[in-house]
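> Sequence:
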Amino acid sequence: MNYYLSTVLKNRKFDEVIDLVKSELGKEGFGVPTEVDMQSIFSAKLGEDFRRYQILGACNPGYAKKAIESERNIGVLLPCSVVVQECDNGDIEVAAVDPLASMTSVGNSSVQEVATEITRRLQRVIKNLGISE
Numbered sequence: 031m032n033y034y035l036s037t038v039l040k041n042r043k044f045d046e047v048i049d050l051v052k053s054e055l056g057k058e059g060f061g062v063p064t065e066v067d068m069q070s071i072f073s074a075k076l077g078e079d080f081r082r083y084q085i086l087g088a089c090n091p092g093y094a095k096k097a098i099e100s101e102r103n104i105g106v107l108l109p110c111s112v113v114v115q116e117c118d119n120g121d122i123e124v125a126a127v128d129p130l131a132s133m134t135s136v137g138n139s140s141v142q143e144v145a146t147e148i149t150r151r152l153q154r155v156i157k158n159l160g161i162s163e
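Heads up, the sequence shown is in this note's numbering, so the first residue is 31 and it goes up one at a time.
Derived by calculation from the structure, the hints in this document are not laboratory data. Mixed in with the good hints, there may be bad ones.
Unchecked claim - Simulated pairs of lysine-lysine, DSSO-like, Cα-Cα distance not exceeding 27 Å:
1) Lys40 to Lys57
2) Lys96 to Lys40
3) Lys43 to Lys157
4) Lys96 to Lys52
5) Lys52 to Lys157
6) Lys75 to Lys57
7) Lys157 to Lys95
8) Lys95 to Lys57
9) Lys75 to Lys43
10) Lys96 to Lys157
11) Lys75 to Lys157
12) Lys43 to Lys57
13) Lys57 to Lys157
14) Lys52 to Lys95
Said to hold, decoys possible - Now the in silico label distances, taken between C-beta atoms and shown as ranges:
15) Asp79 to Asp49: 37 to 43 Å
16) Asp67 to Ile161: 23 to 29 Å
17) Glu123 to Glu78: 17 to 23 Å
18) Val106 to Asp45: 28 to 34 Å
19) Lys75 to Arg154: 32 to 38 Å
Note that the structure is a prediction, hence the values are computed from the model and not measured. We put the CB at the ideal spot given by N, CA and C, even for glycine.
Go ahead and model the full structure; you've got the sequences and the hints to work with.
In structure tokens form, the structure reads like this:
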């Protein structure tokens with residue numbers, strides 16, 4: 031089982047893809063409360079150049095609440111990470127965690143139901159990004 035869902039967008043600018051990803055996430059009920067710019071972190075902390083690589087922490091509050099109420103420490107697996115990264119050839123890859131894969135070890139049927147629905151929603155986000163090219 032793959033641990034992520036992904037698509038590659040061609041002939042797009044990185045910042046444009048970030049905005050598009052946020053828009054598609056919003057259509058599926060996700061907000062993006064966290065953004066981590068790994069390129070800047072690696073530059074500042076390691077003095078190294080690195081490709082554009084941003085991690086968006088996507089959260090669907092209703093489903094997050096249901097998961098937390100069902101499994102008190104499930105927050106260690108939240109929010110859902112979505113990576114936007116620049117490929118060597120200039121394409122932009124978008125990869126989202128597959129919640130079903132990441133939550134397989136949680137033996138709680140309520141959490142599995144949430145993971146199933148969130149996976150469906152992230153699959154639609156990834157699919158719609160490919161359609162929007």
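> Hint by hint, note whether the structure agrees.
Structure-based check of all given hints:
1. Proposed proximity of Lys40 and Lys57 is supported: the alpha carbons are some 22 Å apart, at most 27 Å.
2. For the given pair, Lys96 sits about 37 Å from Lys40 by alpha-carbon distance, which is inconsistent with the 27 Å threshold.
3. Among the hinted pairs, Lys43 with Lys157 is consistent with the structure: their alpha-carbon atoms are about 19 Å apart, no more than 27 Å.
4. A C-alpha spacing of about 23 Å is found between Lys96 and Lys52, which places the hinted pair at or below 27 Å, so the restraint holds.
5. Of the supplied pair hints, the one linking Lys52 and Lys157 holds, its CA atoms being roughly 14 Å apart against a limit of 27 Å.
6. Taking the CA atoms of Lys75 and Lys57, the gap is about 35 Å. The hint is violated against a cut of 27 Å.
7. Restraint check for Lys157 and Lys95: satisfied, since their Cα atoms lie roughly 26 Å apart, inside the 27 Å limit.
8. Of the supplied pair hints, the one linking Lys95 and Lys57 holds, its CA atoms being roughly 19 Å apart against a limit of 27 Å.
9. For the proposed pair Lys75 and Lys43, the alpha carbon gap of about 26 Å is at most 27 Å, so the pair holds.
10. Proximity of Lys96 to Lys157 is assessed by CA-CA distance (about 26 Å); at most 27 Å being required, the pair is judged to hold.
11. Restraint check for Lys75 and Lys157: not satisfied, since their Cα atoms lie roughly 35 Å apart, outside the 27 Å limit.
12. In summary, the hint linking Lys43 to Lys57 is supported, as the alpha carbons are separated by about 21 Å, within the 27 Å threshold.
13. Proximity of Lys57 to Lys157 is assessed by CA-CA distance (about 13 Å); at most 27 Å being required, the pair is judged to hold.
14. This hinted pair checks out: Lys52 and Lys95 have alpha carbons roughly 21 Å apart, not beyond 27 Å.
15. At roughly 24 Å, the beta-carbon separation of Asp79 and Asp49 lies outside the given 37 to 43 Å, and the hint is violated.
16. For the hinted restraint 23 to 29 Å between Asp67 and Ile161, the CB-CB distance of approximately 27 Å keeps it satisfied.
17. Checked against the hint of 17 to 23 Å, the pair Glu123 and Glu78 passes, with Cβ atoms roughly 20 Å apart.
18. As the Cβ distance of Val106 to Asp45 is approximately 31 Å, the hint placing it in 28 to 34 Å holds.
19. Against the hinted window of 32 to 38 Å, the Cβ-Cβ separation of Lys75 and Arg154 comes to about 36 Å, which satisfies the hint.
Hint violations for this structure: numbers 2, 6, 11, 15, all remaining hints satisfied.
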